[in-house]
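A.B. asks: Residues per chain, in single letters:
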Amino acid sequence: MTTSTHLVYLIALPLVSAAILLLLGRIADKWGHILATLVSASAFAIGVSEFFAMKSRHGDARAATQTIFSWISVGSFKVDAALLLDQLSISFVLLITGVGTLIHIYSIAYMSHDRDRRRFFAYLNLFIAAMLLLVLGNSYLNLYVGWEGVGLASYLLIGFWNQKPAYATAAKKAFVANRVGDVGLSLAIMIAFAQFGTVTFAGVKAGAPHASSAALTAIGAMLLLAAAGKSAQFPLQSWLGDAMAGPTPVSALIHAATMVTAGVYLITRSNFIFDASSTARLLVVIVGAITLLFGAIVGTAKDDIKKALAASTMSQIGYMILATGLGPVGYAFAIMHLLTHGFFKAGMFLGAGSVMHGMDDEVNMRKYGGLAKFMPITTITFGLGYLAIIGVPPFAGFYSKDKIIETAFNAGGTKGILLGGAALLGAAITAFYMTRVVVLTFAGSKRWDEKAHPHESPVLMWLPMAILAIGSVASGFLLASGSAMVNWLAPVVNASGVEGGKELMKPIVVSLLALGVVVVGVAFAVIKYRTVPSVAPEDVSIFTKAARKDLYQDSLNEALLMRPGQKLTSGLVYTDDTLVDGAVRSVGFTLATVSGWVRKLQNGYVRTYALVMLIGLLALIATIWMVTL
Amino acid sequence: MSAPVLNYSLLAPILIILGGALLGVLVEAFISKALRATLQLGIALGSVVLSFAWLWKVHNESSISAAVKSVAMDPAGIYIQGIILILAFIAILLIADQDNFTAQASALPGSEEESVAIAEGKQQTEVFPLTLFAIAGMMLFPIATDLITLFVALEVLSLPLYLMAGLSRRRRLLSQEAALKYFLLGAFSSAIFLFGVAFLYGYSGSLNFNEIAASISASGNNSVFLYIGIIFISVGLLFKVGAVPFHSWTPDVYQGAPTPITGFMAACTKVAAFGATLRLFYVALDSVDGTWKPIITAIAMITMVIGSIAAMTQRDIKRALAYSSIAHAGFLLIGVVALSQAGLASSLFYFLAYGLATLGAFAVITIVRDSSGEVTDLNRWVGLGKKSPLIAAIFSIFLLSFGGIPLTAGFVGKFAIFSAAYQTGNMAIVVVAALASAIALFFYLRIVLMIWFAEPTNDSVTVVIPSFLTRTAIFVTVAATLIFGVIPAPLLDSAKNFAVFLR
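Those protein sequence lines, which keep their order, are chains A and B. Going by the working numbering, the letters in the first sequence line up with residues 1 to 629, in that order. Going by the working numbering, the letters in the second sequence line up with residues 1 to 503, in that order.
Hint data in this document are derived by calculation from the structure and do not stem from the laboratory. Quick reminder that beta carbons are idealized off the backbone N, C-alpha and C, glycines included. Treat the hints with caution; some may be incorrect.
[Unchecked claim] Cβ-Cβ distance ranges computed for the label pairs, FRET-style:
| # | chain 1 | residue 1 | chain 2 | residue 2 | range |
| --- | --- | --- | --- | --- | --- |
| 1 | B | Phe453 | A | Gly582 | 34 to 44 Å |
| 2 | B | Gly290 | A | Leu611 | 26 to 36 Å |
| 3 | B | Ser65 | A | Arg607 | 20 to 30 Å |
| 4 | B | Gly290 | A | Val580 | 56 to 66 Å |
| 5 | A | Val580 | B | Lys57 | 35 to 45 Å |
| 6 | A | Leu579 | B | Pro490 | 53 to 63 Å |
| 7 | A | Tyr605 | B | Val5 | 13 to 23 Å |
| 8 | A | Leu579 | B | Ala393 | 31 to 41 Å |
| 9 | B | Glu61 | A | Val580 | 57 to 67 Å |
| 10 | B | Arg446 | A | Ile34 | 49 to 59 Å |
| 11 | A | Tyr9 | B | Lys57 | 48 to 58 Å |
| 12 | B | Pro490 | A | Thr590 | 55 to 65 Å |
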């Protein structure tokens with residue numbers, strides 16, 4: 001373990017910058033976005049230098065720690081505000097600051113017409129700081145601070161245009177759904193503390209082998225609940241679609257590349273818990289498998305380009321969650337898919353933003369069509385991301401997703417076949433809905449209004465898209481070649497104990513199968529969307545209707561949670577008004593009555609007062625007589 | 001028979017005050033009117049400061065034979081004297097505002113003589129020497145270790161107060177009525193007290209606390225004389241602290257007396273009387289605690305509850321604070337019942353916390369006025385927060401301290417004294433005290449609510465700009481209330497170190 005003194009700057013720089021931008025107010029309007037971008041870039045620079053420094057160290061010395069200050073010290077319970085930079089966190093640091101910086105640059109142009117651009121950049125920096133704290137904290141409690149911080153930043157950014165009530169509602173919905181998950185995280189921390197007496201990752205890891213399996217399963221289930229909230233996994237996924245109300249760069253950074261992947265980070269970081277509890281692992285793979293199909297199905301029916309991408313994000317994170325539930329070897333593949341996804345999904349979101357930018361903020365894909373001619377760069381970068389996500393070799397998604405499907409099949413027995421099947425089916429649907437997005441947007445005939453004048457976006461916007469597109473192309477191969485990612489993360493996720501496991505089928509067979517279903521999906525979409533009506537048809541199958549309605553998740557939430565919750569609230573208010581307040585009022589009334597009596601005794605006559613004293617004296621004598629008798 | 005040996009150094013704090021008082025009498029007689037008020041104020045403040053300085057000098061010494069065996073200058077005694085001097089200093093700052101006092105006390109209310117005195121601008125300043133005499137009595141009261149000295153101290157502190165209660169400039173009749181009531185009932189209680197002294201002497205053949213304690217342990221405690229003596233002496237002391245059912249004088253006197261004097265009585269008299277009560281029960285009667293503890297416990301409970309409940313429906317701010325001070329007497333009796341070092345230490349802290357807030361609150365009352373002087377009708381205080389936010393905020397802080405809200409000294413005091421009782425296993429009194437606190441909080445918060453959340457009416461009061469001295473008093477008390485609430489440890493530690501009665 002190496003001790004570092006400058007990890008704190010990673011967090012401090014964007015945090016201070018956010019504070020400056022928020023506190024200075026309009027004075028900083030002119031240069032606020034530049035400061036924010038520079039700060040993000042310097043955080044990236046620190047991250048890169050830390051990465052090379054880490055590579056130059058070996059063995060246990062690779063991980064670095066820094067204790068900033070003693071945070072809580074109550075009796076034997078001590079928590080330091082301390083940071084841990086190991087192989088896992090550096091991967092995130094590079095992703096967050098790297099993609100974050102690109103999106104800062106993109107936003108300079110994208111938000112140039114917004115009068116609150118400075119505030120937007122302040123929130124972005126706040127997000128970067130919180131997210132870095134989340135991945136750098138050395139204990140669950142430190143992580144929790146970052147966890148809540150990103151939740152706050154997400155809330156502020158989803159509702160950035162809160163003058164529109166629907167957007168404010170979307171922000172609130174995201175916040176509430178996240179709170180449910182946050183309760184899970186805080187419960188997990190409490191159980192961990194009760195069980196191990198510490199909340200540091202190292203301490204819990206050391207204690208995990210000796211803990212009862214029930215406690216481990218409970219912690220695991222609560223962590224999974226937390227992950228489901230933050231990463232929009234079943235059954236807490238409903239907020240992500242609405243979160244697209246935020247400015248598109250936010251969707252790219254927070255709701256595609258980084259924050260929503262915090263759940264994957266949490267589970268990977270807690271590998272020692274999940275490794276020790278097969279029940280918790282089973283829950284994880286179930287949630288992952290359901291969500292990857294759920295998101296994919298919803299994605300097939302969305303006409304809003306950002307919502308289609310959001311459904312896709314949900315589905316892709318489902319893959320990652322599924323991978324983390326598959327044991328030690330799965331963690332590395334989950335993180336690998338997380339990184340490649342960070343590139344191609346962020347790239348596609350920025351592409352969507354670029355399209356909207358050129359189309360007067362129109363988001364309905366049925367009003368697009370034939371944009372390839374007008375936006376060549378956007379089309380190419382988006383196309384590269386598209387090839388990556390559907391898993392065409394040699395693009396990034398092929399390497400990472402393929403590994404997950406393969407690992408799922410190798411889980412063994414019926415479970416393996418079910419999970420592998422789900423993952424494979426998901427891949428087919430992914431190919432279908434992504435092809436649909438590309439066809440509706442860039443191909444076919446133009447369906448837009450006369451007023452729209454589609455044009456390519458400025459360089460500040462397409463440059464980040466281009467860089468991300470390069471990542472979409474190359475990152476998979478780089479991470480997968482020679483099992484680079486697996487070996488890199490091995491010390492963190494304890495992959496040494498991996499049993500070989502019997503392979504259900506050879507990797508090449510899995511790859512061919514996956515490619516096969518992808519081709520089917522693409523072909524199906526191309527055929528189906530040769531002609532597109534500019535208004536969504538109403539006479540569709542019951543399945544399409546369900547998918548358009550997010551598979552009725554909102555209605556379910558309303559029926560199961562919201563309405564009973566409202567009933568409970570009104571019931572409690574009624575009880576409080578009548579029973580509790582009634583009791584309080586009657587106590588008050590009684591006391592006031594007694595008070596009135598005492599007042600009457602205080603009649604102003606000295607003779608009465610003297611009599612009261614005399615009676616008091618006699619009463620005392622009587623009392624002492626009884627006491628001593 | 002040789003002359004008694006006196007330790008003048010240890011007695012000096014009291015002697016300085018008495019000297020100042022005598023000097024004040026001379027000034028009143030011989031110095032011209034124009035200089036009198038300033039000179040009297042200087043003498044009064046000077047004596048208190050000098051006395052405190054001397055006390056500081058000797059605070060590490062102690063002796064039970066400073067004046068033969070009549071007084072004990074022990075750590076707790078010195079600490080209580082120090083508190084009395086600090087509170088008295090602040091009280092004198094308030095008394096200095098002569099507008100509160102009648103021009104000529106000897107003139108009948110409403111008489112021609114009175115109007116002439118007012119017209120001529122005659123202003124008697126006998127209140128200063130009277131205050132100093134009272135302070136001297138208060139300083140002697142808690143260190144007296146024989147019953148005669150105790151009685152003398154009681155009278156020395158009481159007699160000036162009877163007079164001072166009648167000095168109010170406005171509502172003269174109410175003031176004089178209060179003075180007469182106070183005097184009559186005080187005389188009644190003094191008689192009861194003396195009767196008790198006689199019984200105890202009859203039981204033990206001695207007036208000295210230590211010798212009484214010795215004879216209790218020697219002869220067993222099964223004697224009617226002892227019990228009657230304890231009861232009668234207790235009643236005398238309980239009258240002074242204002243415990244139910246010997247409290248009836250408190251609201252009338254607190255309302256009628258000039259407000260600075262009310263503050264002085266509520267703060268200093270209570271501290272002195274509790275000091276004496278603590279010493280009597282801790283030193284002389286601690287081995288018969290089985291006899292008096294149930295009685296004092298019951299009195300404490302009744303006092304807390306009745307004081308808090310009666311305060312709820314008061315319409316006059318001074319009467320309300322009088323009942324509040326009755327309730328606080330109940331809380332302080334908890335420290336007596338605890339009969340432990342922690343009980344004594346927490347009482348010492350409570351003295352200062354309560355005394356400062358009390359003086360501060362009465363100081364604020366002196367400056368809330370209309371054209372005809374102080375306004376004590378609570379209904380006319382509504383909306384004060386809108387008109388004078390600073391004064392309203394300060395008054396609210398005092399009320400919150402009375403109510404025992406955290407971050408005020410009142411909270412720390414209550415917490416310390418409750419936990420002292422809790423440690424001795426006296427759960428019943430802690431429960432009752434907590435409930436009484438809740439009731440009391442209702443009426444403190446009711447006032448806060450009236451001040452802040454009601455719209456001002458036409459006949460609402462105004463706040464006059466306080467004199468420099470009053471302002472000093474208000475800011476010192478509010479600062480101390482907050483500081484001891486946020487950082488109580490140094491004061492708590494010193495109280496703990498000084499919580500020792502020598503015997």
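A.B. asks: Does each hint fit the structure? Answer for all of them.
C.D. replies: Tested hints:
no. : hint                            : verdict
1   : B:Phe453 x A:Gly582: 34 to 44 Å : violated, 23 Å
2   : B:Gly290 x A:Leu611: 26 to 36 Å : holds, 30 Å
3   : B:Ser65 x A:Arg607: 20 to 30 Å  : violated, 45 Å
4   : B:Gly290 x A:Val580: 56 to 66 Å : violated, 42 Å
5   : A:Val580 x B:Lys57: 35 to 45 Å  : violated, 58 Å
6   : A:Leu579 x B:Pro490: 53 to 63 Å : violated, 46 Å
7   : A:Tyr605 x B:Val5: 13 to 23 Å   : violated, 50 Å
8   : A:Leu579 x B:Ala393: 31 to 41 Å : holds, 36 Å
9   : B:Glu61 x A:Val580: 57 to 67 Å  : holds, 58 Å
10  : B:Arg446 x A:Ile34: 49 to 59 Å  : holds, 57 Å
11  : A:Tyr9 x B:Lys57: 48 to 58 Å    : holds, 57 Å
12  : B:Pro490 x A:Thr590: 55 to 65 Å : violated, 43 Å
Taken one by one, the earlier hints fail for this structure at numbers 1, 3, 4, 5, 6, 7 and 12, listed in ascending order.
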